[in-house]
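S.K.: Sequence:
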Amino acid sequence: MLVVVIIVGLLYALPNLYGEDPAVQITGVRGVAASEQTLIQVQKTLQEEKIPAKSVALEEGAILARFDTTDTQLRAREALMSVLGDKYVVALNLAPATPRWLAAIHADPMKLGLDLRGGVHFLMEGGYGYRVR
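First residue of the sequence shown? That's 4 in our numbering, and the numbers climb one at a time after it.
Simulated from the structure, these hints should not be mistaken for laboratory data.
Predicted, not measured: the structure shown is a model, and the values here were computed from it.
Using N, Cα and C, we set each Cβ at its ideal position, and we do this for glycine too.
Incorrect hints may have been included.
Claimed, not checked - DSS-like cross-link-like pairs, simulated, lysine-lysine; straight-line CA separation at most 30 Å:
| hint | residue 1 | residue 2 |
| --- | --- | --- |
| 1 | K90 | K47 |
| 2 | K47 | K57 |
| 3 | K114 | K57 |
| 4 | K53 | K90 |
| 5 | K57 | K90 |
As the list claims (entries may be wrong) - Simulated restraints on C-beta separations:
| hint | residue 1 | residue 2 | range |
| --- | --- | --- | --- |
| 6 | S58 | D89 | 24 to 30 Å |
| 7 | V6 | G64 | 22 to 28 Å |
| 8 | R33 | A60 | 21 to 27 Å |
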């Protein structure tokens, strides 16, 4: 019985070993969902700018593009923000790199708080018109 508990515990601890991929998440503003057309536009922009992506997928009305490095992630964000404009929010994100077979049994990585991530890294964007008064 103890061996079974240890094996199951190790199985559900495995996702923590895979880490996270730098990603860009694209969501619509004010309830607008991203569509297949938006997905094609994102893929086309990344190809034109020669930005290699691990994957680009439409999931639950949002687009998630995964990259190998944070430098590539930042380049992609800038390129996509200029193309998509004000209709979509382009946010930096970290997406779990858990394999599908582990995700299928709901073995998700442990969520780390800000204290375990090495501090607070916060980027807030706002209109310059509101700040200058």
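S.K.: Look at each hint and say if it fits the structure.
M.R.: Evaluation of the provided hints:
1. Between K90 and K47 the alpha-carbon distance is near 18 Å, which keeps this suggested pair within the 30 Å criterion.
2. The hinted pair formed by K47 and K57 meets the criterion: a straight-line CA distance of about 14 Å does not exceed 30 Å.
3. Simply put, K114 and K57 have alpha-carbon atoms about 22 Å apart, close enough for the 30 Å limit, and the pair holds.
4. For the proposed pair K53 and K90, the alpha carbon gap of about 24 Å is at most 30 Å, so the pair holds.
5. This hinted pair checks out: K57 and K90 have alpha carbons roughly 25 Å apart, not beyond 30 Å.
6. At roughly 26 Å, the beta-carbon separation of S58 and D89 lies within the given 24 to 30 Å, and the hint holds.
7. Roughly 44 Å separates the CB atoms of V6 and G64, a value that falls outside the hinted 22 to 28 Å.
8. The beta-carbon spacing between R33 and A60, approximately 23 Å, falls within the hinted interval of 21 to 27 Å.
Taken one by one, the earlier hints fail for this structure only at number 7.
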